[in-house]
Structure formats: C-alpha cells, structure tokens
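Chains as they are written, first to last, in my numbering: chain H, 1 to 276; chain E, 1 to 351; chain D, 1 to 272.
Keep in mind the hints are simulated off the structure, nothing from the lab. Each residue gets a CB set at the ideal place from its N, CA and C atoms; glycine is no exception. Careful: at least some of the hints might be erroneous.
Listed below are several chain E residues computed to face chain H (Cβ distance under 8 Å; list not exhaustive) [claimed, not checked]:
#, residue
1, ASN173
2, GLY213
3, ALA218
4, GLY339
5, ASN346
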Amino acid sequence: MKFNASTMVLPLAALFVACFIAPLSVLMALSFASEQGAGDFTLKHYLVFFGDRFHLSILVDTLMLGVKATLVCLAFGFPIAWLCARAHARWQSVLIFLVILPILTSVVVRTFSWIVILGRQGVLNQIVLALGLSDEPLRLLFTQTGVIIVLAQVQMPLMVLPILTVLSKIDPNLGDASRALGAGEWRTLWRVTLPLSMPGILAGGILTYAACITAFVTQTLIGGARLIYMPLHIYQQAVGANNWPFAAAISVIFMVAVLVVVGLLNAYGRRFERYA
Amino acid sequence: MSHTTRMTRRELLAAAAGLGAAAWLPRIALAQAGTLVAATFPGTWNEAQRTILKPAFQKATGASVTQSIILGTDQVSRLVAAKGNAPPFDVAIFDSPQVLDAVKQGLISEFPVAKSVNYKDLLPPFQDKWGPKISMQVIGIAYNPKRVKTPPTKWSDLWDPKYKGRVGLTALNSQLGIAFLAELNRLRGGTVENFDPAFKALRELLPSVNAIGANLGAYATLWQQEQIDIAPYNFNFVQTLKGKGVPVEFVVPESGAAGWDTSLHIVANTTNAELALKYIDLAIDATVQAAMMEPPYDVIPTNRKVALAGAITQTLAKTPADLGKIRGFDWAKLNPQRGELIERFNREIRT
Amino acid sequence: MPRPRTAIDLEAWSLRLIFGLLAAVAMVFLVAPTLIVLVTSFTDSESLKFPPDGYSLRWYVALLDADQMQRAAWTSLVVAVWTTLICVVFGTLASIALARSRRPWIRACDVLFMSPLLLPALAFGFAALIYINQLGFRPSLSFLVLGHVIVCVPFVLRTTVAALSQLDPDLLDASRSLGASEFTTFRRVTLPLIAKGIAAGAFLAFMASFDNVPVSLFLADERTEVLPIHLWQQIESNLDVRTAAVSGVIVILTLALMVIAERVAGLTRQLR
Chain H
1 MKFNASTMVL PLAALFVACF IAPLSVLMAL SFASEQGAGD FTLKHYLVFF GDRFHLSILV
61 DTLMLGVKAT LVCLAFGFPI AWLCARAHAR WQSVLIFLVI LPILTSVVVR TFSWIVILGR
121 QGVLNQIVLA LGLSDEPLRL LFTQTGVIIV LAQVQMPLMV LPILTVLSKI DPNLGDASRA
181 LGAGEWRTLW RVTLPLSMPG ILAGGILTYA ACITAFVTQT LIGGARLIYM PLHIYQQAVG
241 ANNWPFAAAI SVIFMVAVLV VVGLLNAYGR RFERYA
Chain E
1 MSHTTRMTRR ELLAAAAGLG AAAWLPRIAL AQAGTLVAAT FPGTWNEAQR TILKPAFQKA
61 TGASVTQSII LGTDQVSRLV AAKGNAPPFD VAIFDSPQVL DAVKQGLISE FPVAKSVNYK
121 DLLPPFQDKW GPKISMQVIG IAYNPKRVKT PPTKWSDLWD PKYKGRVGLT ALNSQLGIAF
181 LAELNRLRGG TVENFDPAFK ALRELLPSVN AIGANLGAYA TLWQQEQIDI APYNFNFVQT
241 LKGKGVPVEF VVPESGAAGW DTSLHIVANT TNAELALKYI DLAIDATVQA AMMEPPYDVI
301 PTNRKVALAG AITQTLAKTP ADLGKIRGFD WAKLNPQRGE LIERFNREIR T
Chain D
1 MPRPRTAIDL EAWSLRLIFG LLAAVAMVFL VAPTLIVLVT SFTDSESLKF PPDGYSLRWY
61 VALLDADQMQ RAAWTSLVVA VWTTLICVVF GTLASIALAR SRRPWIRACD VLFMSPLLLP
121 ALAFGFAALI YINQLGFRPS LSFLVLGHVI VCVPFVLRTT VAALSQLDPD LLDASRSLGA
181 SEFTTFRRVT LPLIAKGIAA GAFLAFMASF DNVPVSLFLA DERTEVLPIH LWQQIESNLD
241 VRTAAVSGVI VILTLALMVI AERVAGLTRQ LR
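Just chain H, with the same shape it has in the complex (with noise of 0.2 Å):
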C-alpha cells in the first residue's frame, strides 16, 4: 500500500462522505419535500420561513445575538490574551489552564450554575443590592441580557486562545520600535499591535460567532419561553410538533446563514493577510 498522502486522508474522507455530507444532502432534500415520504419537491417550506415575520425575527434575532456576545467576548476576551501573552511561562500555563477549565466543563452544567448565580435571589442580585447599586432586583434570567452574558462566559475561551496564538507571534520588536518613534501604549496597541492580531482576532470571532448562534443548551436554558433562537425552533419544529420537513427547511436556512456570515468575516480578514 503506498503511504502518501492520499491514500492517508482517504478513511476520514469516507468517513466524512458516509456520515457528514450524505446527512446533510438528505436534510436538504427533505426540506423540499411537502410531507415526508412524498417523494414531491416543493418550496412551501421556505416560503412559509421568509414570508412570515414570526421565523424571520427569530432568525434575526439570533444572528443579533451572536454579534452581541462575541463583543462581549472580545471585549473581555482580548485583555485576558493580552496579560497571558505577556505573562511569565509558569503564569502563562496557570492562565490558560484557567481559561480552558469553563469550556472542558459540561455546558449543561455551566449553564446551570448561571440560573444559581443570575436567579432573583441569586448571587449577583445579592450583590447588587448590598452594594446598593439598584433597589429592586435585576430581572437577568429570561432576558436577552442573561443570555448574552452567559454566552460570552461559556463561549470566550474561544476568542481567548487564537488572539493569545497571534499575540504571541507578534515580533516585540515592532512593538520596542514603534515605541522608540514616539508613539504612546495607547498608540502602539490601535496602529501596531491591533493590526497585526486581527487574524487571530477574526479566527477567535468566527469560532465564538458560530458557537454562540448555535449554543442550544445556553440558549435555552437561560432564554425561556419567550426568547426562542433558531436551534430551539429547530428541535420544537423536529421533536415537538414531528414537523420533519419544516425542520429540515429552518436547519438548511440556519446552516447557510451561519456560512453566509462566516464567509463575510473571512473575506474581510484578507484584508489583514498582507500584515502576517
């Protein structure tokens, strides 16, 4: 048998073909089809979708919400990169040690520890309200807000750890001399630093966005019954109401917004690859 690399990429490749592409092709023919088991093609399905303002606000309001946590997250995200990047060997392992613990850590249980912590009478309403920062307490679980904030917690391992990769392959040099021509920390990070990690930066944003928009569990958990995103319309439509076809259509619909928007990124982060 010869050993290249051909016939090496082979078995995953079929693997791949037999349980990947072939589900999903079967997915897409089903949305077509009016009932299942008819063998009919049809495009009621996603005409129902986009001619109904119920779908397409929940379609939208999940892309929405992806590029609300992923802020977040590389608000937050990027000062943590930031100071492991910087940090001592040993610190740097204790960091990143933490920063990977929450999301090697069952979601269903981080996301439950979030209903403890966000409840009425959870931890940071205990909080607030000691510190006097408010008189009633936050109305945070069940809310878009809850949500946002949970997400960003569960997903910004994700955002942390290709902006520390870029970070840390950023030549310090460029850094000592843009320094030595004037330029303030402040300066140096928006015109130096900023510019060079946005690969990294991108890469972090786009893993984060797709996990946020299809984080099911956090979603809904921490949405309730009035926040309905795209995955738990799914599952209603698939499980619930055994709407198989209809289900295929939102999924189908749901996958090529998700590559639409992935791509977007993408094409605008080659922009960035002349800096690399």
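Chain H is fixed; fit chains E and D onto it per the hints.
Positioned in the frame of chain H, the structure of chains E and D alone reads:
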C-alpha cells in the same frame, strides 16, 4: 528516550484495548438483568415514581427500570416517529387527551385486564381497557403566602393591578398550560371552536406577567427564587415544592376545580410487555398508591382500598365521589387544535 | 526630553491598568460560575442557594443511589472512549496528509473536516437522525459514536497538524537516508514526536464527546441515555439539588483529567 516512548506506547495500547473491552461490559450486564424503559412526567411524578414505584418494581421483578422524563405530547411524537420499529420506551404515561390520540394512531396495546392483580380494585371511573388511570391532576391558583397576604379566590384575581409584575405563566407545551388556557376561554365566554376570548384575556394579562416558565423545572425555579407570586399551577407540583421549603400555597378558585386523569399504558410492539404489565400493576397497587399519597407528593389515589387523606382532603375532595365532581375538558375537540394554539401562544408572548 | 518620557510612562500604566482590570474581571467571570456550582452542591437544604445555609455531603451520597444517572454516565463514558479511539486513528492519518500535501483536493478536505466546528451541530444531529431513519435503522450506540466522531475529530486534527508543522523535516530525511522505510520512519520518528499533540487532541475530543448535547439530543434515545441529556432533562423537570451534586462531580473530574493531560501531554503548551 526511545526506551521510554516505546514503553509509553505499549502502555497506551494496552490501556486502549482494556477500555475497548470494557466498552462491551454494560451491554452484557444490561442484557442479563432486563431493563424496562418507562416514560414519566416531570415534577412530582418523576420524583414519586423514582422513590416509591421504582424500588417496588425492582423488589418484585429483580429488573431495573429507566424512567425517562418526557411530556405526554412529546411521547406521542416519538412513538409516531418510531412506528414500524421497536419503540423507544415500553411504558407510556399519558394525560386524558393523549390517550385519545394514541388509541387512534395505534400506539398502545390494550391493557391485559385478566392478568392484572390490582385492576379490579380500581374505582370504576378509573378503569379503562386501554390503560388504568393512576391518578388525577387538578389545576388551580398558586400564590406565595409570604408576599401575597390575602389568598386569591378566583382566576380573575390574576388580572388584579396589585399583582402587576408578579404574575407567572407556563408555556403551552405542558398539559397545565393548555388546561389553563381552556379554562380561561370557558370563563371568558369562548367556545372550543373559538379561542379569541382566551387570547384577548391573555393579551390583557401580559403586562402583569413577570416570567413565563418554558418548562416545569424553570417554573419551579421561578417560585423558588420568588420571582413570581401568583400563577396557575398544578396541585401536586405545589405540594412537592412546599415539601422543599419553597413558599407556595394552592387554592381552588371559586369557579371550581378543573382537572384530568393520568394513566399508564403498554406501548404497542414492545419486547418487554411482561415487565411493562408488572410496572403498571404496581402503580395501581394499594400500598404503592398509599405511599405516594403521603406528603410531599400527595398523589390522588385511584385504588378503592386507599382512603383519601392529607392535603387532598383539605383542598380537593373528602371522598371519591367528590373527585368525580372535578370538572373535565372536552379533549376530543381540543386536541386537534393543540398545535395551532401553541403556535398562537408563542407568537403572543414573544417580547 | 524628560517630560515626554513621564507622559509615555503614564500612558503605559493606564493601558496596563485598564487591560489588567478588564482581564481580572474577565477571569473572575470565567471561573466563578464553576466554583459557585461546586460550593452550592454541598448544601444541606433542598434548594439551590448560594451561599448555602448549611453544608453537608447528603446530595453526593444521594448520587450513590441514582442508578439511572450512573447508567447514563457509563454510557457517556463508553461513547466517549470509542469516539476518541476512532478520532485518533482516522485523524492522525489524515493530519499527516494535511500537513504534508498542498494539493487542492487535500486542502478541500481540510475545510471539510473542520466544518463541523462551524456548522450548527444541532442541524447536523437532526440530519443524522433523518438519514438513519431513511436507511431504515433506529438510533443506536454505534450511530451515536459515529455522530460524535464527526463533531470531535476537528480537535484531534488541529492539535496533530500543529504538532506536525513543528516537526523538523530534516529528521525525517535523516531517517530515510539511513535506510528506514516510510512506515518505519513514521513509527519510530514521527509518531513519538507528535505523540503529545495527538494526546492533547484526544483529550479534547474525549471531553467534547462526553459533554456533547446537540448530536446526542437526536441520536441518543431513552435506551442509550447519555449524561448531559439526562442532566438537561432533570433541570427542565425538577428542582433537584442532585443535579448540582453531579455537576460538582463533573467539575472535579474535569479538573483532575486536565491536570493529568497537562502532566502527560503538556496540554496548555499545545494550545498556545
């Protein structure tokens, strides 16, 4: 260095082989003991059946049982999806409305009355050839006695401005939600064909609503965190929460108690029919039902040998005849509208 | 000249302060929930309050009786082990191809293998269920494992390809020039050098499979109950402090496994 890596690799291979072999063990173990898979309802049902029915079953048959928490309508969906293949569970638990659907779609088998030890001890209204009724569920108004000083007396108290921002609701996927909507519809002059009065009342209520529980666990959390003070609720769930130290009380509204039956059924085409029969038989056994009637479960018994006692007699019924006075719903007409009602509800409540 | 220097120093400190503060808040934000659920699980009351009114191990003791939860945990373990094995074997082979070749169709395979990280896993899980159904099968443990392999193999690929890219090609040339065959070179030179990368990827794949919800939601049914779905069911149905106890066990086990992975494979270094 090559010496250590060779050792490590050998160790790793040995470990992998060991784990792989171990992977087969549970399959062997399960095959020997025999496991029944029974559906159960969330909340009180799950807890009572886990602590009382499961040990009784294991003692009587030596087999273990996996109790999966699935709502009645979801059970119907899953059985319909699995038609033609072996069903995903052996014992189904249904509220009255789902029994109609299940019988119509051939999802359950007739209960072998002759083989059942305890069936004849059931009170007549609870005997059914498709599956014995194991209890009744009653809905009413729940309130937080710490924050609501005068107990509410009628459904329309929920709309009282003094409760603004403190009302709770539950989503329509559970029986509690649909029953509340149907009762609301009846009180506001609607008919089974016309639910507009109910939704009009719902729209008026929404500004007072603090939170809507997506599922019964979330609903219980809202009560425990004292985020809602007054809401429709199920008698048994309130008793169980009280037992956990949550401040909540149940009242039957002036318009009267409304409720439905809950029953167990043997799923069609199951390979565990014998075990399923034993499980259901134990659920209608007098000793088991008496134990389930104890606080904090307060499950209403259906076996005539069990005299009503405890919170049931204080709030709902003193004798079995009183149980018969609990008003039911016209499920035959409500069932077909369920999907539509759920969608309409979901649209109304979206923020 | 001296004045600009102090001005720049203040600026440097302001940046460090703000970033340091943000980072500190973010670290607390990241770690606190896990700690809180751990502490809450030691409560002796029936409800979930932090800080707990009293402490006890009663809920951990209650887990000893929770045979259904134990069965679910065991099923999750079995599935995770099989998933990891398959991911490591297929993934290592593929990684070598990906790291070595620049041919377009192999580049395309790279994108394909990584796509489960981006595509909604819930949609994939649902697609898998439809697929199995249309083939006339029922969900089973084997199908569940295959579904997990698809969503977990990207982790093995990432770390293994990274390890391969740091491999000095001169070492391989030296091995070959000394007369070793391709296979021998792979076995005695490549494999030992990338072992840590594979191990790190295997660890990540294992945790991802054990923790997986979106695929298990559709492919695991009542007879093949897995732990995350069981916990999910419990949270949706009851107010049960045992859920916090199980969470505590999972957190402690995860920590222990991470420490082992750090010692054996240098996990944090692989991810930098």
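Going down the list of hints, with the structure as the test:
{"no.": "1", "hint": "ASN173", "result": "holds, 7 Å"}
{"no.": "2", "hint": "GLY213", "result": "holds, 6 Å"}
{"no.": "3", "hint": "ALA218", "result": "holds, 6 Å"}
{"no.": "4", "hint": "GLY339", "result": "holds, 6 Å"}
{"no.": "5", "hint": "ASN346", "result": "holds, 7 Å"}
The structure is consistent with each of the numbered hints, conforming to all of them.
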